[in-house]
Amino acid sequence: MLLEVKDLRVEFPTRRGVLTALNGVSFSIAPGEVLGVVGESGAGKSMTGAAIIGLLEPPGRIAGGEILLEGRRIDNLPLAEMRKIRGKRIGAIFQDPLTTLNPLYTIGRQLVETMQAHLPLSDAEARQRAIGWLEQVGIPAAAQRIDAYPHQFSGGMRQRVVIALALCAEPQLIVADEPTTALDVSIQAQIIALLKRLAREQRTAIMLVTHDMGVIAETADRVAVMYAGRIIEIGPVRQVVRHAQHPYTAGLMASIPPLDRKVERLAQIDGSMPRLNAIPPGCPFSPRCPHVFERCRVSRPELMPAGATDAACWLHDQPGASA
Amino acid sequence: MVAFVISRLLQALPVLLVVALISFALFTFVGDPVAAMLSQDASAADRENLVRLLGLDQPWYVQFWKFISNAVQGEFGLSYRLSRPVSSLIAERAPATLELAFCAAAMTLCIGVPLGIFTGIYKDSWISRLLLTVSLVGVSLPIFVLGMLLILVFAVQLGWLPSFGRGETVQIGWWSSGLLTASGLKALILPAITLAVFQLTLITRLVRAEMLEVLRTDYIKFARARGLSNRSINFGHALKNTLVPVITIAGLQLGGIIAFAIVTETVFQWPGMGFLFIQSVGAADIPVMAAYLLLISLVFVVINLAVDLLYYAVDPRLRAQR
Ligand SMILES: Nc1ncnc2c1ncn2[C@@H]1O[C@H](COP(=O)(O)OP(=O)(O)OP(=O)(O)O)[C@@H](O)[C@H]1O
Ligand code: SF4
Ligand SMILES: [Mg+2]
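Chains as they are written, first to last, in my numbering: chain A, 1 to 323; chain B, 1 to 322.
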């Protein structure tokens with residue numbers, strides 16, 4: 001396994017007590033694999049990504065569990081060690097390309113400094129490679145545009161630059177947090193296709209957070225569905241989309257129009273996700289679940305084998321049961 | 001670029017005109033120059049003569065035009081109080097004010113900006129908290145109180161530094177400098193500190209606030225996610241982005257330092273333009289006051305222009321628009 005997250009718990013100390021933003025999150029990503037992560041707003045998707053690259057906003061902190069990269073723990077590394085991993089072994093792509101690039105530096109300079117932070121390259125070599133990367137991500141006239149500033153590019157072009165920045169030190173994993181949400185619908189598909197192609201060429205794994213089930217269906221190998229700081233279902237993309245085992249996932253998928261049309265937002269399931277300080281005992285989905293029964297309200301289901309996926313739902317506790 | 005400078009200067013013109021109008025209005029509404037210049041026993045004919053000589057019988061816009069065209073040539077007439085040309089009075093006093101302002105500004109920037117960066121980056125360390133608490137005192141302490149406290153301690157009680165005046169000066173052409181003699185430098189210390197403290201604490205807090213703001217931005221987070229070193233993030237990416245607003249405020253502050261010099265110069269009887277201005281106010285010496293007002297507004301215009309040019313150098317987004 002390239003990345004293993006085991007029983008991850010992230011807490012936010014606040015004035016009114018400690019909030020648990022992530023609770024018992026476990027999953028893994030194989031080399032070259034694309035893991036899609038979906039779930040309602042506030043489910044903890046970004047938090048999971050931030051924990052992996054070690055950039056949780058204080059006072060948020062990892063309060064339990066482990067994160068392993070190729071078998072080595074990275075969640076408790078000293079800052080200087082973690083810095084060598086960021087960019088070099090785990091890259092990141094953020095949501096809004098308009099704010100992700102430093103407005104005062106040319107894109108060439110940002111590429112060069114990133115590569116030189118991790119690879120032993122002379123200025124000339126780094127610049128040459130930077131031009132190569134810009135060509136790779138489809139910036140026309142890369143050799144001239146390399147000295148341009150971010151504001152001289154459109155949003156879609158800037159996200160291409162961000163992708164080049166995330167890939168330029170050749171990481172094994174990229175955490176992409178809604179990389180197309182801020183873009184025009186017309187260019188979202190191009191960016192996703194680009195990301196997918198480059199990742200395949202570089203054998204880079206991707207953790208792809210998105211609200212767009214269409215993107216997941218086309219891009220991901222596996223999907224993790226998050227709800228109230230937990231993963232409630234995880235499995236191969238076809239199975240999760242076609243044969244969801246968790247009632248919440250089933251609700252999500254039912255709200256998707258046929259695959260050839262794009263969906264903007266997830267979920268028309270009645271009710272809303274509980275706030276972090278008011279997660280019900282037992283199954284967190286129980287207040288909204290159409291299949292809720294006795295046991296759901298008292299004891300909390302962990303992920304368990306369910307059909308071809310794993311789901312955190314008591315319906316699958318007995319052999320042969322299904323949602 | 002040249003067009004940019006010219007357009008900025010044109011934009012400044014109305015400001016200067018308004019200030020000129022106010023200065024001009026001083027002549028009309030404050031005091032009576034004719035009465036001031038005539039002796040007690042002058043006749044009505046003498047008075048009429050003088051009025052005509054001074055052009056006071058002309059319509060106001062003709063007088064205003066004359067005032068402006070004289071001002072452009074640095075001609076502000078005679079001081080009522082000292083009966084000497086205002087232009088040479090100001091030229092004599094300007095070096096003292098400028099040297100004082102320059103030292104205070106240098107202190108402000110060389111101490112205030114690093115402190116702001118430090119307290120921004122290490123926002124939770126106890127040193128930062130201490131510095132911020134102290135800076136609160138600096139912001140709220142009136143200048144004249146600070147000046148007098150310093151005089152009390154370092155001049156009166158310890159006797160280390162002089163409490164007033166400029167010490168010995170050296171004449172270089174028309175410029176009289178206190179920076180080249182020991183007594184001149186000693187005399188400069190207390191007034192410069194007095195003048196700098198307020199601006200210094202202000203700029204520390206401003207740089208800190210800007211730094212905190214910038215450190216929260218996505219591009220800084222992304223720079224961290226790219227694995228850049230803390231040094232290059234803090235002193236490259238973050239600092240450069242705080243510069244734009246800091247340049248504005250620093251420019252305004254430099255103007256403020258020259259204007260606030262009035263109080264400091266008065267407390268330390270520093271022979272600069274501010275002190276001259278206060279003395280002129282006391283004597284209703286309108287020509288000096290008018291000249292001083294115009295000069296200060298000109299200083300602000302020039303500083304604003306410099307600020308704009310610096311922006312231009314720092315921020316590529318502005319360059320693109322022109
Ligand atoms: N500084 C903070 N203090 C307390 N709670 C926080 C803080 N930051 C985030 N949270 C909470 O952590 C939870 C997870 O947030 P996260 O940003 O991971 O959601 P998300 O799944 O990425 O949602 P979205 O789809 O809106 O991006 C949310 O409920 C949020 O309210
Ligand atoms: S455990 Fe119960 S409440 Fe929770 S999803 Fe399954 S059936 Fe619904
Ligand atoms: Mg998010």
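These are calculated hints, taken from the structure and not from any lab test.
Please read all numbers here as calculations on a predicted model, not as lab measurements.
Each residue gets a CB set at the ideal place from its N, CA and C atoms; glycine is no exception.
A portion of the hints provided could be inaccurate.
[Unchecked claim] In silico contact screen, one side only, chain B against chain A (beta carbon under 7 Å); selected entries:
#1 D218
#2 R224
#3 H237
#4 Y312
[Claimed, not checked] Using 20 Å as the maximum straight-line C-alpha spacing, the simulated PhoX-like pairs for lysine-lysine come out as follows:
#5 K84/A with K240/B
#6 K240/B with K66/B
#7 K186/B with K123/B
#8 K88/A with K221/B
Each hint tested on the structure:
Given the 7 Å rule on beta carbons, the hint for D218/B holds: about 4 Å separates it from the nearest Cβ of chain A. For the restraint placing R224/B at the interface with chain A, the shortest Cβ-Cβ distance is roughly 6 Å, inside the 7 Å limit, so the hint holds. With a cut of 7 Å, the hint placing H237/B at the interface with chain A holds, because the nearest CB-to-CB distance is about 5 Å. Using the Cβ-Cβ criterion of 7 Å, the hint placing Y312/B at the interface with chain A is not satisfied: the shortest such distance is roughly 13 Å.
For the hint linking K84/A to K240/B, the alpha-carbon distance of about 24 Å lies beyond 20 Å, and the restraint is violated. Taking the CA atoms of K240/B and K66/B, the gap is about 47 Å. The hint is violated against a cut of 20 Å. Between K186/B and K123/B, the direct Cα distance comes to roughly 36 Å. Violation of the 20 Å bound is thereby established for this hinted pair. A C-alpha spacing of about 16 Å is found between K88/A and K221/B, which places the hinted pair at or below 20 Å, so the restraint holds.
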